[in-house]
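Dock chain to chain to rebuild the complex, using the hints, since each chain is given by itself in its own frame.
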Amino acid sequence: DSGVTQTPKHLITATGQRVTLRCSPRSGDLSVYWYQQSLDQGLQFLIQYYNGEERAKGNILERFSAQQFPDLHSELNLSSLELGDSALYFCASSGVIAGGSEQFFGPGTRLTVL
Amino acid sequence: SQKIEQNSEALNIQEGKTATLTCNYTNYSPAYLQWYRQDPGRGPVFLLLIRENEKEKRKERLKVTFDTTLKQSLFHITASQPADSATYLCALNTGGFKTIFGAGTRLFVKA
Chain A
1 DSGVTQTPKH LITATGQRVT LRCSPRSGDL SVYWYQQSLD QGLQFLIQYY NGEERAKGNI
61 LERFSAQQFP DLHSELNLSS LELGDSALYF CASSGVIAGG SEQFFGPGTR LTVL
Chain B
115 SQKIEQNSEA LNIQEGKTAT LTCNYTNYSP AYLQWYRQDP GRGPVFLLLI RENEKEKRKE
175 RLKVTFDTTL KQSLFHITAS QPADSATYLC ALNTGGFKTI FGAGTRLFVK A
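Keeping their order, the protein sequence lines are chains A and B.
Sequential numbering from 1 applies to the first sequence in my numbering.
Sequential numbering from 115 applies to the second sequence in my numbering.
The shape of chain B in the complex, shown without the other chains (with noise of 0.2 Å):
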C-alpha cells in the first residue's frame, strides 16, 4: 500500500544547529514533494515544492533534497531559531489531483 512516512519522534536541536527532516515514501511515484509548517491549532504554511526532476531546492535557510531513487525528501533548516519550532509536514502529489500528508514531525529548538 502506499505511505509516506516521517519521524514520530519529535526532533530537539540547539539553537544556531542545522535541522534535518526526512519523508520517506513508498509506492509512490511523485510528481512534486511539498513540505508545509503547522503550528498548533493552526492551517498548514506552505514553506517549498520541488518536482521529480530536481534534486535540490532552497529557500534563505531551507534546503529540501529529492532523491526519487531512494524515495525520500530531506528537509534542512540552517541556523535554526526557537522560532523554527513546530511541525512539519511533508505531501505527496503524483501529477493528479491528490495531494497526500504525511504525518508530521515535531521540531523544538531550545535556546
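With the rest of the complex left out, here is chain A (with noise of 0.2 Å):
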C-alpha cells in the first residue's frame, strides 16, 4: 500500500458527459502528479501541483482540468468525454517539489467511455 487513495476505482460514462476523479496523496507529500495509461500510449504525464499551485504541464487536453486544494487532495476534471479518454488515471504523490526523488503512484482509476 502506497499510502495515495484514488476514488472511484472504476467509472463507467458515456461520451460527451464529464467526471471527477480524486487522489488523496500520502501524509506530508505536498507534490501531486496525474498520469493517464492506455494500452497504446503507456504512461503519459498530464499534470503536476505542488502545495496547491500548478507546477508542469504535459500533453493535458484542454478538455481536462485539475487543482489541488488546501487540504492536498486533488482532483482531475474530465469533459466533453470521448471514446479514446477510456483510460486507467494514476495519481502520484512524492514529499518533493521537483523530479528527483521517488513518486508514490496510488491504485488507480479505471475509466470506461462508452
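FYI, nobody ran anything at the bench for these hints, they're computed from the structure.
Idealized CB from N, CA, C, for every residue including glycine.
Please note: incorrect hints may appear among the correct ones.
[Unchecked claim] Which residues of chain B face chain A? A partial, calculated answer using Cβ under 7 Å: (1) Gly157; (2) Lys212; (3) Phe215.
Laid out in C-alpha cells, this is it:
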C-alpha cells in the first residue's frame, strides 16, 4: 500500500459526459502528479501540482483540468468525454517539488467511456 | 524529438538467471533516472533511482547502471524468481518538474 488513495476505482460513463477523479496523497506529500495510461500509449504525464499550485503540464487536453485543494487532495476533471479517453488514470505523490525523488502511485481509476 | 525506448518485446527467462532490461534515451540530459515495477491493473511501484553522476546503484537483487555517454540505463535482476514477472518502467527527469516514463518491458520468469 503506497498511502495514495484514489476514488472511484472504476467509472463507466457515456461520450460527452463529465467526470471527476479524486486523489489523496500520502500524508505529508505536497506534490501530486496525474498520469493517463492507455494500452497503446504507456504512462503519459498530464499535470503536476505542488502545495496547491500548478508546476508542470504535460500533454493534457484542454477538456481536462485539475486542481489541488488546501488539504492537498487533488481532483482531475475530464469533460466532453470521448471514446479515446478510456484509460487508467493514476495519481502519484512525492515529498519534493522537483523530480529527484520517487513517486508513490495510487491504485488508479479505470475510466470506460461508452 | 525526445524519446525513451524500452524493449517492446517481452523478455522470457528461466528462474535463477539474471534478467537485463534496457532503457535508451535520445535528446534528453536527465539528472535522474528511475526504475519502476508495474503489475497488471496496478500503479507503478518505485524500485531504484540513480543520479547522472552515479554509474551504478544496487538494492538487494537489483542493480541499475547509468551511462550518460551511451544514453542508456541497464536494469538487472539477479537470481530471478517467478514473482519478478511484471512490467518494468524506466523514467527520466531532467531536474525539473516533469518525469517522463518509457512504455515498459514485460518480464516473464519461468519456474
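- Task: Let me know if the C-beta of B:Lys212 comes in closer than 7 Å to any C-beta of chain A, holds or violated.
- Result: With Cβ-Cβ at 5 Å, under 7 Å, it holds.
- When the least beta-carbon distance from B:Gly157 to chain A is tested against 7 Å, hint result: Status holds, d = 3 Å.
- So, B:Phe215 near chain A? Judge it on the closest CB pair being under 7 Å. holds (4 Å)
Hint check: no violations occur; every hint is consistent with the structure.
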